[in-house]
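Sequence lines, in order, name chains A and B.
Numbered by UniProt numbering, the letters in the first sequence go through residues 1 to 250 in order.
Numbered by UniProt numbering, the letters in the second sequence go through residues 1 to 468 in order.
The set of hints was computed from the structure by calculation and includes no laboratory data.
Warning: the hint list may mix true and false statements.
Partial list, computed: chain A residues near chain B (C-beta under 8 Å) [stated by the list, open to error]:
| hint | residue |
| --- | --- |
| 1 | Ile29 |
| 2 | Glu31 |
| 3 | Asn55 |
| 4 | Thr59 |
| 5 | Ala81 |
| 6 | Gly84 |
| 7 | Leu87 |
| 8 | Phe89 |
| 9 | Pro96 |
| 10 | Ile98 |
| 11 | Ser106 |
| 12 | Ala107 |
Computed cross-link-like contacts, DSS-like style, restricted to lysine-lysine with a CA-CA straight-line distance of at most 27 Å [to be verified]:
| hint | chain 1 | residue 1 | chain 2 | residue 2 |
| --- | --- | --- | --- | --- |
| 13 | A | Lys208 | A | Lys194 |
| 14 | A | Lys68 | A | Lys111 |
| 15 | A | Lys19 | B | Lys412 |
| 16 | A | Lys122 | B | Lys445 |
| 17 | B | Lys308 | B | Lys166 |
| 18 | B | Lys313 | B | Lys255 |
Beyond 10 Å from chain A on every Cβ pair, some chain B residues (computed) [claimed, not checked]:
| hint | residue |
| --- | --- |
| 19 | Leu31 |
| 20 | Asn44 |
| 21 | Pro46 |
| 22 | Val47 |
| 23 | Thr92 |
| 24 | Glu99 |
| 25 | Lys166 |
| 26 | Glu223 |
| 27 | Ser268 |
| 28 | Asp340 |
| 29 | Lys367 |
| 30 | Val404 |
| 31 | Met422 |
| 32 | Glu454 |
Backbone N, C-alpha and C fix where the C-beta goes; we use that ideal spot for every residue, glycine too.
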Amino acid sequence: MSHNDLLRIQNLKVCAGEKEILHGIDLDIHENEVHVLMGPNGTGKSTLGAALMGNPAYTVTGGDIIYKGQNINEMPDNERAKNGIFLSFQNPIEIPGITVSAFIRSALEAKTGKRVRLFSFKKELEEKMALLQMDPSYAERDLNVGFSGGEKKKTEILQMLMLNPEFVILDETDSGLDVDAVRTVSKGIEAYRKQSRGSLLVITHSTKILEALPVDYTHIMVNGKIVKTSDSSLIEEVNENGFAAYENAE
Amino acid sequence: MKEKQQIADIDRSVYDIKDTETDAYKIDAGLTPALVEQISKEKNDPVWMQQFRLHSLQIYNELQVPDWGPSIDGLNMDNIVTYVRPNTNMKTKWSDVPEDIKNTFERLGIPQAERKSLAGVGAQYDSELVYHNVRQEVADLGVVYTDLESAMHGEYADMIRKHFMKLVPPTDHKFAALHGAVWSGGSFVYVPKGVSVEIPLQSYFRLNAPGAGQFEHTLIIVEEGAYLHFIEGCSAPKYNVANLHAGCVELFVGKNATLRYSTIENWSKNMYNLNTKRALVEEGGKVEWVSGSFGSHVSYLYPMSILKGKGAKMEFTGITFAGKGQNLDTGAKVVHAAPDTSSYINTKSISKDGGISTFRSSVVVNKDAEGSKSSVSCESLMLDAQSQSDTIPAIDVRTRKADVGHEAQIGKISNEAIFYLMSRGLSEEDARACIVSGFADNVSKELPLEYAIEMNNLIRLEMKGSIG
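Using the sequences and the hints given, assemble the complete structure.
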């Protein structure tokens, strides 16, 4: 494995309860790359994201997840976060009683093990919220409580920008958003690319979010397996022909 | 495992420090007319009070223990010491309070709080008040805040005789009768017509003697158009013998007056907390209860509001946290006895490590209470499979022209939410504490700041070591 390998997934098998969802996934992601994962609904794309983040609802039953040269199959989710993995949730959870600002601060403190200086933190938060066209009042609102779909997704991107992870999984971050919101989220992703040499795994079944993003690899997943990997030209092809050809190949 | 122990030990220690017993006087355990007479003599009761005590004892002996709530079999009245007089009389200056007792209250932050944010403070140690003081400017408005014993002999003697245990008569239940027989300490507050006490008064009750009972009586009279916020805090160190708290609170809220009554109860987990609280609200008046129950082994606590006058209101906000070995039966009662009255009950309960939390409510709307409204909402959160949570609402409406609603929700802590918080780097412990604090948030917002902080610390403390 070359030293700029960030993530290497080998023959990964994942179950939800008794049912195997992923039947042997292989995927290599290097530093500073953008990967797109496409595929029909219910093929296991989100399961892969959840398994990489360490969601205890899923069990790895075979294969390896090697992150920065270390097998992380058994690493708990919060340790993965501290090591720079970030998952933007498809359905961010509402948490009453803790504000967006307080939560991001606790997450930063958990990650760095140091106290966050309030003044510079607030300043940075304000800048990033402005970039995402978020009303500053959201910083003091309870995390995701009563937020619209678009606001929730922006809050996920805000956390990504503040925590500055090294490997980001965006799980359907664009789904259910209007054109303007998708554009704003794209701007956030661009800003992340500028501030970091991190890599992204973008799970999506639309292509709106990819318009402004230079894609290095595109993977198509069908029935728990990656059936095709290519460059960004594959996106075009899927746009025109859908997944039918790959589904039939199964 | 090791960390659990340490954290639990270190953090509760502030409540658990036991003072050496240096009581001036301690009565024998158990209950007889001779003992009650002795207490009465010790306390220099007026004759009517002595008779009241003996009569209450008689009722106590006739009544049965309640057969509907958590078991109180562990409580043997023959072993409970009903009267322990600390080695001091009541002071009005902290510097005069004996060193060891003063240190206890210092550790609990009481004098600091008085300096910062209170209009007056009372501190009870075992059976007697050791300190009582009220700010001069508040006293100048005619506000009386003192112990019941001295008030019984002064210019308010008649007022006390007229109100004492009229709302909660000794016949109410066995422990009310017990209270009537052996009550000692507590506070008397009188707020004259139209006077608004802008900053809260606070009483703090501390039970130090092992195997003892605390039976303080709080009597508050808020006259027409007046306003008061009264806070009570309770704690005790943990002993291996049962302690008993059977206090009584009687609140008289005058026409268009408002009384806010906040409690944070953190008795140690060997305490039987059999407390009775009741408010009578006149026309246009309002009582607001804020109640946090964290401690004690067994609790029976259902503050009751009688909305006697037209348009009277009550609001009850409560939180109960039942941990290992705790069976907390809490809730609220209201009687709508006049037209256009309204009640709003909102409670949260949390149970963990096999703790049992039961919400019990009673809403009664009388026939002539037309146009009344009542809304009851209770939410419970169980943190593991061993814990238990029950909801027992009773609703009795005798007019068609009333609007009564009840809503109950029982849930478990969501794994999705824990995963979400942990995926951003929080430890499982912090993630759980965060969710529980969030669940309790609308209650802690009702509390004065220091108490909200204390409550959050208590939740955090209770959540520590709750994993695995």
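Here is what the structure says about each hint:
Interface hint at Ile29(A): violated, since its Cβ lies 18 Å from the closest Cβ of chain B, which is beyond the 8 Å cut-off. Because the closest C-beta pair between Glu31(A) and chain B is about 21 Å apart, greater than 8 Å, the hint is violated. Interface restraint check: Asn55(A) against chain B, minimum CB-CB distance 5 Å, threshold 8 Å, status holds. Here the hint on Thr59(A) is broken, as its CB sits about 14 Å from the closest CB of chain B, past 8 Å.
For Ala81(A), the shortest C-beta to C-beta distance to chain B is roughly 4 Å, which falls under 8 Å, so the interface hint holds. With a cut of 8 Å, the hint placing Gly84(A) at the interface with chain B is violated, because the nearest CB-to-CB distance is about 10 Å. Interface hint at Leu87(A): satisfied, since its Cβ lies 5 Å from the closest Cβ of chain B, which is below the 8 Å cut-off. Among the interface hints, the one on Phe89(A) holds; its C-beta lies about 6 Å from the nearest C-beta in chain B, closer than the 8 Å criterion.
Here the hint on Pro96(A) is kept, as its CB sits about 4 Å from the closest CB of chain B, short of 8 Å. Taking 8 Å as the C-beta contact cut-off toward chain B, the hint placing Ile98(A) at the interface holds, the least distance being around 6 Å. Checking Ser106(A) against chain B by beta carbon gives a least distance of about 6 Å; that is within 8 Å, so the hint holds. Because the beta carbon of Ala107(A) sits about 4 Å from the nearest beta carbon in chain B, less than 8 Å, this interface hint is met.
Using a Cα cut-off of 27 Å, the hinted pair Lys208(A) and Lys194(A) holds, with the two alpha carbons roughly 20 Å apart. Simply put, Lys68(A) and Lys111(A) have alpha-carbon atoms about 17 Å apart, close enough for the 27 Å limit, and the pair holds. For the proposed pair Lys19(A) and Lys412(B), the alpha carbon gap of about 25 Å is at most 27 Å, so the pair holds. For the hint pairing Lys122(A) with Lys445(B), the CA-to-CA distance comes to about 24 Å; that is within 27 Å, so the pair holds.
Taken as a hint, the Lys308(B) and Lys166(B) pair is honoured in the structure, with Cα atoms around 14 Å apart against an allowance of 27 Å. A threshold of 27 Å between alpha carbons decides the hint, and for Lys313(B) with Lys255(B) the separation of about 11 Å falls inside it, so the pair holds. The claim that Leu31(B) is not at the interface with chain A holds, since no C-beta of that chain comes within 10 Å of its own (minimum 46 Å). With a minimum CB-CB distance of about 50 Å to chain A, Asn44(B) clears the 10 Å threshold, and the non-interface call stands.
Its beta-carbon lying about 51 Å from the closest one in chain A, Pro46(B) satisfies the requirement of being farther than 10 Å from that chain. The Cβ of Val47(B) sits about 55 Å from the closest Cβ of chain A, beyond the 10 Å cut-off, so the non-interface label holds. Every beta carbon of chain A lies more than 10 Å from that of Thr92(B), the smallest distance being close to 41 Å; the non-interface claim holds. At roughly 37 Å from the closest C-beta of chain A, the C-beta of Glu99(B) stays outside 10 Å, upholding its exclusion from the interface.
Separation of Lys166(B) from chain A is adequate, the least Cβ-Cβ distance of about 41 Å exceeding the 10 Å criterion. At the 10 Å boundary, the C-beta of Glu223(B) stays outside the reach of chain A, the nearest C-beta of that chain being 38 Å off. Distance check on Ser268(B): its Cβ is at least 27 Å (rounded) from any Cβ of chain A, clearing the 10 Å threshold; non-interface status holds. A cut-off of 10 Å between C-beta atoms confirms that Asp340(B) is not in contact with chain A; the least separation is 33 Å.
Distance to chain A confirms Lys367(B) as a non-interface residue, since its nearest Cβ pair spans about 40 Å, more than 10 Å. At roughly 27 Å from the closest C-beta of chain A, the C-beta of Val404(B) stays outside 10 Å, upholding its exclusion from the interface. The beta carbon of Met422(B) is not kept farther than 10 Å from every beta carbon of chain A, the shortest such distance being approximately 4 Å. The non-interface label for Glu454(B) is consistent with chain A: the shortest C-beta to C-beta separation is roughly 16 Å, beyond 10 Å.
Comparing the model with each earlier hint shows violations of hints 1, 2, 4, 6 and 31; every other hint is respected.
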